[in-house]
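Novice: Chains R and Y, in that order, give the protein sequences.
Counting from 1, one number per residue, gives the positions in the first sequence under my numbering.
Counting from 190, one number per residue, gives the positions in the second sequence under my numbering.
Treat the hints as calculated values from the structure; they're not laboratory data.
As the structure is a prediction and not an experimental result, all values here were calculated from the model.
Just to be clear, a hint being listed does not mean it is correct.
Just so you have them, the derived chain Y footprint on chain R, three or more residues with Cβ under 8 Å [as the list claims (entries may be wrong)]:
(1) 13 to 23
(2) 27 to 38
(3) 44 to 56
(4) 72 to 81
(5) 123 to 129
(6) 147 to 153
(7) 169 to 183
Sample of chain R residues at the chain Y side, in silico, Cβ under 8 Å [as the list claims (entries may be wrong)]:
(8) E41
(9) Q68
(10) V117
(11) N120
(12) L132
All C-beta atoms in this analysis are idealised placements derived from N, C-alpha and C, irrespective of residue type, glycine included.
Protein chains: 2
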Amino acid sequence: MTHGDDPVAGRWELLRSESGEEMPLFQVRYDWVRNPRNRREMRRLVLESLDWVNVVAITREGGIVMVQQHRFGVGRETVETPGGMVDAGETSRDAAARELLEETGYAGGAWSYLGAVEPNPAFHDHLCHHWLARDVELTREPEPGPGESIVVRVMTLGEVREEMKRGRLQHVLALSALGRVFPLWSFPG
Amino acid sequence: MTHGDDPVAGRWELLRSESGEEMPLFQVRYDWVRNPRNRREMRRLVLESLDWVNVVAITREGGIVMVQQHRFGVGRETVETPGGMVDAGETSRDAAARELLEETGYAGGAWSYLGAVEPNPAFHDHLCHHWLARDVELTREPEPGPGESIVVRVMTLGEVREEMKRGRLQHVLALSALGRVFPLWSFPG
Chain R
1 MTHGDDPVAG RWELLRSESG EEMPLFQVRY DWVRNPRNRR EMRRLVLESL
51 DWVNVVAITR EGGIVMVQQH RFGVGRETVE TPGGMVDAGE TSRDAAAREL
101 LEETGYAGGA WSYLGAVEPN PAFHDHLCHH WLARDVELTR EPEPGPGESI
151 VVRVMTLGEV REEMKRGRLQ HVLALSALGR VFPLWSFPG
Chain Y
190 MTHGDDPVAG RWELLRSESG EEMPLFQVRY DWVRNPRNRR EMRRLVLESL
240 DWVNVVAITR EGGIVMVQQH RFGVGRETVE TPGGMVDAGE TSRDAAAREL
290 LEETGYAGGA WSYLGAVEPN PAFHDHLCHH WLARDVELTR EPEPGPGESI
340 VVRVMTLGEV REEMKRGRLQ HVLALSALGR VFPLWSFPG
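Model the full assembly from the supplied sequences, consistent with the hints where possible.
Specialist: Right under this line is the structure:
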């Protein structure tokens, strides 16, 4: 399929890149670019990262396997889908299965890919992949990382919606994955 | 409503905070915290920011007002809902109306709040507010900022879905707003 008649917002010339701070989750990069509209040079921030992944995991009994934990950005506990970073050399499916097992102890089941999203194309260079795992089973105790303290909650869809209303389930990447499996909102009339 | 019997993942003690780099979009902060599960001290990254906002703007004729622009994180053009940052002292609605006008020239109409999401509670401290504006009208030429080069596209829902399939509309915050107004996905059977 060609799109030769597409509108084009203009090609930004990349003048140079420089590395910034190496942070816990990101390698900072600055790109110096030229705006095609006014020829001005601008410095743009890019937070380089590996891809992320999360998973909507559903037990044989229909429970949704969620994790509750303190999140340091917002400074309070949230309820989210299990997930994490795709390690180098790992597929997003392997990463999703690994994170699900480490964080919750659940494994197995039938897996299908729900697609990927950009966490923020303005300054992130990576994707977040969404997976669906049906009929997962509890296979062992969770083994959270040294920087995690997690409560596993197997929830009904009603309980998920209740946490959305309470404001503890507002993470857009968790909602993005859940929203591809369950109807989360009623559309405006 | 009380939630006294809630599971609790544990209270992380904040030991100290230190300011990091001031970046174009964020003020970096590092929080030193103690994991309640294993008592280990960890350094956690927080990217402090003002809130963000975006808007699903629909014309009287039913067109969806979208913006196409080069995004520096992913290094290519994307198609998104109009939006930006809520300035200090501004309401999220005022910010949404301002960004819509600056980026597209559209204004007016009937506005309703769609809710807010956390862009990422793990390291962001802020929210992104979603607005719906119906019956907006083209009132003037767009006035993009010096760092922007934007093509305005008034699209049908079918065209929006086509850009999703092509991978140019993958920004999770844009999809989050659109997904509260339109059915974007068919649920797995």
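Novice: Now tell me if each hint is right for this structure.
Specialist: Each hint tested on the structure:
no.	hint	verdict
1	13 to 23	holds (count 3)
2	27 to 38	holds (count 7)
3	44 to 56	holds (count 4)
4	72 to 81	holds (count 7)
5	123 to 129	holds (count 5)
6	147 to 153	holds (count 6)
7	169 to 183	holds (count 11)
8	E41	violated (10 Å)
9	Q68	holds (5 Å)
10	V117	holds (4 Å)
11	N120	holds (6 Å)
12	L132	holds (6 Å)
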